[in-house]
Amino acid sequence: MDFVDIIFVVFALIVVVSAFIVVFSRSIIRSAFSLLFTFFGVAGLYVLLNADFLAVTQVLIYVGGILILILFGVMLTTNVVSVEIKTGTLQTVPAAVIVAVLSGTIAGIFWFTEWHTAPAREGPTTKALGTLFMTDYLLPFEIASILLLVALIGAAMIARHERGTEGGR
Amino acid sequence: MESIQAILNNPYVFAALMALAPLLWILPYALFAIWFERKVSAHMQDRLGPMRTGGWHGWSQSIADLVKLLLKEDLIPAKSKHGLFMLAPYVVFVGSYAAYAVIPFTSAYVGSEINVGIFYFVAVSSLVVVGILMGAWSSNNKWSLFGAMRSAAQIVSYEIPGTLAILAVVMVVGSLSLQDIVRAQEGWFWNWFVFGKFPFLFIAFLIYFLCSLAEVNRTPFDIPEAESELVAGYHTEYSGMRFAMFYLAEYANMFAVSAVAVTLFFGGWQSPFGTFLSGPAWGVFWFLSKGMGFIFLQMWLRWTLPRLRVDQLMYVNWKVLMPFAFVNIIFVGLWMMIAQ
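From first to last, the protein sequence lines stand for chains A and B. The first sequence begins at 1 in the numbering used here and counts up by one. The second sequence begins at 1001 in the numbering used here and counts up by one.
By construction, these hints were calculated from the structure, which means they are not laboratory data. Fair warning: this is a prediction, and the values are worked out from it, not measured in the lab. Even glycine gets a Cβ: it sits at the ideal position worked out from N, Cα and C. Treat the hints with care, as some may be off.
Some, not all, of what chain B presents toward chain A, calculated at C-beta under 7 Å [what the hints assert, rightly or not]:
(1) Pro1011
(2) Val1116
(3) Tyr1120
(4) Val1130
(5) Leu1133
(6) Met1134
Subject to a maximum C-alpha distance of 20 Å in a straight line, what follows is the list of computed EDC-like cross-link-like pairs (lysine to aspartate or glutamate) [said to hold, decoys possible]:
(7) A/Lys127 to B/Glu1113
(8) B/Lys1068 to B/Glu1113
(9) A/Lys127 to B/Asp1046
Make a model of the complete structure from these sequences and hints.
Put into structure tokens, the structure is as follows:
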């Protein structure tokens, strides 16, 4: 086992163990915090695949954005209703059936697909990604930007509206 | 000699050494900076500050404090969430230490020469926010939670104009690597980016500097630990070594953002006088002294300016810094296009 293999095993273990905690933990905030390690482990795996830009984006978007949003959501709701949100087991039999079917499907896909593997490409990816965004994938890129802009304006409108009614009372 | 070479060629040893090297700077620097902050604040308020410990101007006060913190009982509130409570200070410190991986201390040493350097720096600082939220929530204390909420809102929103200001420099250099950015500022000090594309990169520097103050929770942006309202903010419940970890992380973060300001706008490890006193060893000297200059500037501001209110804080970010940062980027882009 060389150095890169050991690092891979470490990151893979981090991802798998923390993902288990996310799923099986009783307290939802513990799940949210162990999601942090899952995201970081996945970013590490991206680095090992030479996808440097993707790895950093993963940390920036998922840890810096989405995870903090989740934590805010959980913390604020817990403190308002002063009930600790727990995850429990309900509907055991249908859940077991669906899980069995799903995991069977995934295992089937995993075994019967012919995976195309190629050695990871060396060198920086940022410039190539930028060029592709501005040439071949310009339309999807612009549509995604407009979608985000609409969401942004929508969020601002909702926030404004609530403050307006409070002031009117 | 050969055996030493053989040990250094071992990838594990080499990786460990490269990873631990910034600690050699952070630990003595933190001790010095804590003493220095007390001295600066004292002299600004016409006092003397600590004078007794160690003799000359109380120079060993921080060492005495460190020993005290090491010996202190590690208090854990009964109703805290133990695991997360104990983990949080380390998450915060890992977040601020991870940033040091890409900081170019000199032309010969940078922890990891990755070509997305500055982007990585922006991304890992978000780990600090998660650590702060973790510590505050698990303390089960409302002051802590208030402090963390303010801190998270502040760091997340000030990240945006800060990153836009960084983007202006990246556009000029055409690279995200911090070493490339430093090399692009070669020569005398008027080649530094703070004077480049005048005045656009100077505006970018001002925006970045203000945002970096907010990111490390320094006055005038220190509402997360406003001691007159929130006791001590997110680390209210911490004591002993865990409190020291928070403190160390805060000072490490202060130097990290200063180092990035130096790298982006003040020539990094370049000598201000062309080839005079340049080279890898002098590079460390220039880099650290420029960084310490920024540390002094941060302390100076802290003891000069009053703290902003929460709504003023958000006003400054979204309605002042943000439009300026955007317009700035457009002008830098136009300049680059015309220059081509």
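Take a quick look at whether A/Lys127 and B/Asp1046 sit within 20 Å of each other, Cα to Cα.
violated (54 Å)
Given pair status - B/Glu1113, A/Lys127, alpha carbons within 20 Å
holds (17 Å)
Identify whether the interface hint at B/Met1134 stands, where standing means a beta carbon of chain A within less than 7 Å of its own.
holds (6 Å)
When the least beta-carbon distance from B/Tyr1120 to chain A is tested against 7 Å, hint result:
holds (5 Å)
Run the distance test for B/Lys1068 versus B/Glu1113: straight-line Cα separation, threshold 20 Å.
violated (38 Å)
Against chain A, is B/Val1130 within 7 Å by beta-carbon distance?
It holds, given that the least Cβ distance between B/Val1130 and chain A is near 5 Å, below 7 Å.
Holds or violated: is the Cβ of B/Val1116 closer than 7 Å to a Cβ in chain A?
holds (5 Å)
Close enough to count: is the Cβ of B/Leu1133 nearer than 7 Å to one in chain A?
holds (5 Å)
Does the interface hint hold: is B/Pro1011 within less than 7 Å of chain A, judged Cβ to Cβ?
holds (5 Å)
Of the numbered hints stated above, those contradicted by the structure are hints 8, 9, listed in ascending order.
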